[in-house]
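Visitor: Chain residues, written in single-letter form:
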Amino acid sequence: MRGRGAAVGVGEIKPVRNTEGETALSLMAKAGLEAIEDSGLAFGDIDGMLVHPIGGVSMLAPSTVLEFMGMEASFAEVVDLGGASGAGMIWRAVAAIEAGMCKACVCLTGASRRKRAPRKLEQGPKASTGWNIPDRSPFAEFEVPFGNIGANVGYAMIANRYLHEYGATPEQLAKVAVHQRDNANMTPDAIFHGQPITVDDVLASPMVADPLHLLEIVMPVGGASAVVVVGPELARSLDRPAAWLLGAGEQVTHKTITYAPSLTDTAIKASAARAFAQSGVTPDQIGLASVYDCYTITVLLTLEDSGFCAKGTGGRFIDDHDLRWNGDFPVNTHGGQLSFGQAGIAGGMSHVTEAVRQIQGRAGDRQIPDLDLAFVNGNGGILSEQVSLVLGAQP
Amino acid sequence: MTFSGPRPRPSDQTTEFWAATAEGQLLIQRCDRCQEAIFYPRVNCTHCGATELSNEAASGRGTVYTYTVARRPTHRAFADAGPYVIAIVELEEGPHLTTNIVGCDPEEVAIGMPVELSFTPAIDGIALAQFRPATAHP
Numbered sequence: 001m002r003g004r005g006a007a008v009g010v011g012e013i014k015p016v017r018n019t020e021g022e023t024a025l026s027l028m029a030k031a032g033l034e035a036i037e038d039s040g041l042a043f044g045d046i047d048g049m050l051v052h053p054i055g056g057v058s059m060l061a062p063s064t065v066l067e068f069m070g071m072e073a074s075f076a077e078v079v080d081l082g083g084a085s086g087a088g089m090i091w092r093a094v095a096a097i098e099a100g101m102c103k104a105c106v107c108l109t110g111a112s113r114r115k116r117a118p119r120k121l122e123q124g125p126k127a128s129t130g131w132n133i134p135d136r137s138p139f140a141e142f143e144v145p146f147g148n149i150g151a152n153v154g155y156a157m158i159a160n161r162y163l164h165e166y167g168a169t170p171e172q173l174a175k176v177a178v179h180q181r182d183n184a185n186m187t188p189d190a191i192f193h194g195q196p197i198t199v200d201d202v203l204a205s206p207m208v209a210d211p212l213h214l215l216e217i218v219m220p221v222g223g224a225s226a227v228v229v230v231g232p233e234l235a236r237s238l239d240r241p242a243a244w245l246l247g248a249g250e251q252v253t254h255k256t257i258t259y260a261p262s263l264t265d266t267a268i269k270a271s272a273a274r275a276f277a278q279s280g281v282t283p284d285q286i287g288l289a290s291v292y293d294c295y296t297i298t299v300l301l302t303l304e305d306s307g308f309c310a311k312g313t314g315g316r317f318i319d320d321h322d323l324r325w326n327g328d329f330p331v332n333t334h335g336g337q338l339s340f341g342q343a344g345i346a347g348g349m350s351h352v353t354e355a356v357r358q359i360q361g362r363a364g365d366r367q368i369p370d371l372d373l374a375f376v377n378g379n380g381g382i383l384s385e386q387v388s389l390v391l392g393a394q395p
Numbered sequence: 001m002t003f004s005g006p007r008p009r010p011s012d013q014t015t016e017f018w019a020a021t022a023e024g025q026l027l028i029q030r031c032d033r034c035q036e037a038i039f040y041p042r043v044n045c046t047h048c049g050a051t052e053l054s055n056e057a058a059s060g061r062g063t064v065y066t067y068t069v070a071r072r073p074t075h076r077a078f079a080d081a082g083p084y085v086i087a088i089v090e091l092e093e094g095p096h097l098t099t100n101i102v103g104c105d106p107e108e109v110a111i112g113m114p115v116e117l118s119f120t121p122a123i124d125g126i127a128l129a130q131f132r133p134a135t136a137h138p
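Each protein sequence line maps, in turn, to chains A and B. Everything in the first sequence is counted per our numbering, starting at 1 for the first residue and increasing by one. Everything in the second sequence is counted per our numbering, starting at 1 for the first residue and increasing by one.
Among the clues, some could well be false.
The calculated label-pair distances, taken between Cβ atoms and stated as ranges, are [said to hold, decoys possible]:
1. Glu36(B) to Asp189(A): 48 to 56 Å
2. Ala79(B) to Leu60(A): 48 to 56 Å
3. Gly3(A) to Asp80(B): 52 to 60 Å
4. Arg76(B) to Met59(A): 28 to 36 Å
5. Gly167(A) to Asp32(B): 24 to 32 Å
6. Met59(A) to Ser54(B): 36 to 44 Å
7. Met59(A) to Thr46(B): 26 to 34 Å
8. Ser26(A) to Val43(B): 38 to 46 Å
9. Asp328(A) to Gly49(B): 24 to 32 Å
Hints are computed from structural coordinates only; laboratory data are not their basis. Note that beta-carbon positions come from the ideal geometry of N, C-alpha and C, so glycine has one too.
Put together the whole structure using the sequences plus the hints.
Guide: The structure is reproduced here in structure tokens:
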């Protein structure tokens, strides 16, 4: 797949806590149109579309969006990999282009966000879609009754197991949140722009689920992110730098963390290894790690399992490196979802849009000088779905 | 302290499992081919793929594999529970399952701690398999 496709345009709706007046559909369409314009392509040039499942749209999501946007596509698909969907869309778009199914594919992600009344008990948990139908998900039967609901407690159990097996200090984990906040302070659209924090702030924030403090946990927002991917001829014909896809890997191992093969050896190992092998690039050549950060522990595990440091040394690695945009090992220069905001699936896509911007050399005041290679990791569920990408300035 | 979360609703595939809980039994499945035990009820062995599975009652002994203390309720049913422990327990037969650790202060729970099965009272024929610290004499 190396050099067979590139991202050439991005669109992004500024994250906000309340998207009143918008729907996920409208936000996604707006981001998509912005991405198309940003790419230098015409509206009618787009012939591929990737979307994720959309609230209120129980089926046929691609055609719903195409009709809403007044477009046609020769390639349309739902990517349902949770937080890994954004990254997962990128290689699928390139594969579809390589396969001749389309020439220019828009990858759409987004979520609306409202203040709403508390859910009633009989409505069941948000995560369970099967509550009122005869077929139950194992999740509804074997997790929900014990309160294993939502991501906080799942990642908390991962973190506790990691600390038991390998050890890391609260300060090391907190540093991830602090340095990413410093990055967000260079990112005007970030939800926490202009609100620096310290390690002490993180550790003094309320314990939500041991050992996770509030400031180690992403905040949901509304927003949208989109990327346009094209083939090599089109990429070269456009008068702008491209972020070339050099390698991709994907690995899905479980739905609920209880049944994962391991809580500390993650599926990232396989997805990252394939992405690096396909690209011919090694982790030591990477100038930006734009990796999924729903929690600080997620970043630590990703750095280890992607091969940036050995298993069990993530805490020390964080101690030894400056993770800021101008540091010796830049991580999530847009602030990560922890500080940029998590607009549903678009939170995961923000790691892609940031890597594209950085490689294109237009990341503004937080630009990494002479960046050639970036590593992106998308993570869905409770470390369930993984997609890794290596992006480069040259094909 | 006793507490219990949202009620599970059996599916056609799990009727036998839930019915056994009212009898004080936690059913696991053992593969007739590779002899590995699995949890929760499936149609095939997750280790070798064989479809020949037999139910057996778990001993109820296990250890805490990992846990967290939920300081904020993860569901309205837990609104009045105070901080509660969500845990993955490793049964002595091998499988992992999600549960709550009850019968001790949340701060006393630790990874590796021996625990034993402690069913909630059955409601409408369904009891939930929680665990408590193991008694001194197994």
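Visitor: Now tell me if each hint is right for this structure.
Guide: Comparing the hints with the structure gives:
no.: 1; hint: Glu36(B) to Asp189(A): 48 to 56 Å; result: 50 Å, holds
no.: 2; hint: Ala79(B) to Leu60(A): 48 to 56 Å; result: 38 Å, violated
no.: 3; hint: Gly3(A) to Asp80(B): 52 to 60 Å; result: 59 Å, holds
no.: 4; hint: Arg76(B) to Met59(A): 28 to 36 Å; result: 29 Å, holds
no.: 5; hint: Gly167(A) to Asp32(B): 24 to 32 Å; result: 41 Å, violated
no.: 6; hint: Met59(A) to Ser54(B): 36 to 44 Å; result: 38 Å, holds
no.: 7; hint: Met59(A) to Thr46(B): 26 to 34 Å; result: 29 Å, holds
no.: 8; hint: Ser26(A) to Val43(B): 38 to 46 Å; result: 42 Å, holds
no.: 9; hint: Asp328(A) to Gly49(B): 24 to 32 Å; result: 47 Å, violated
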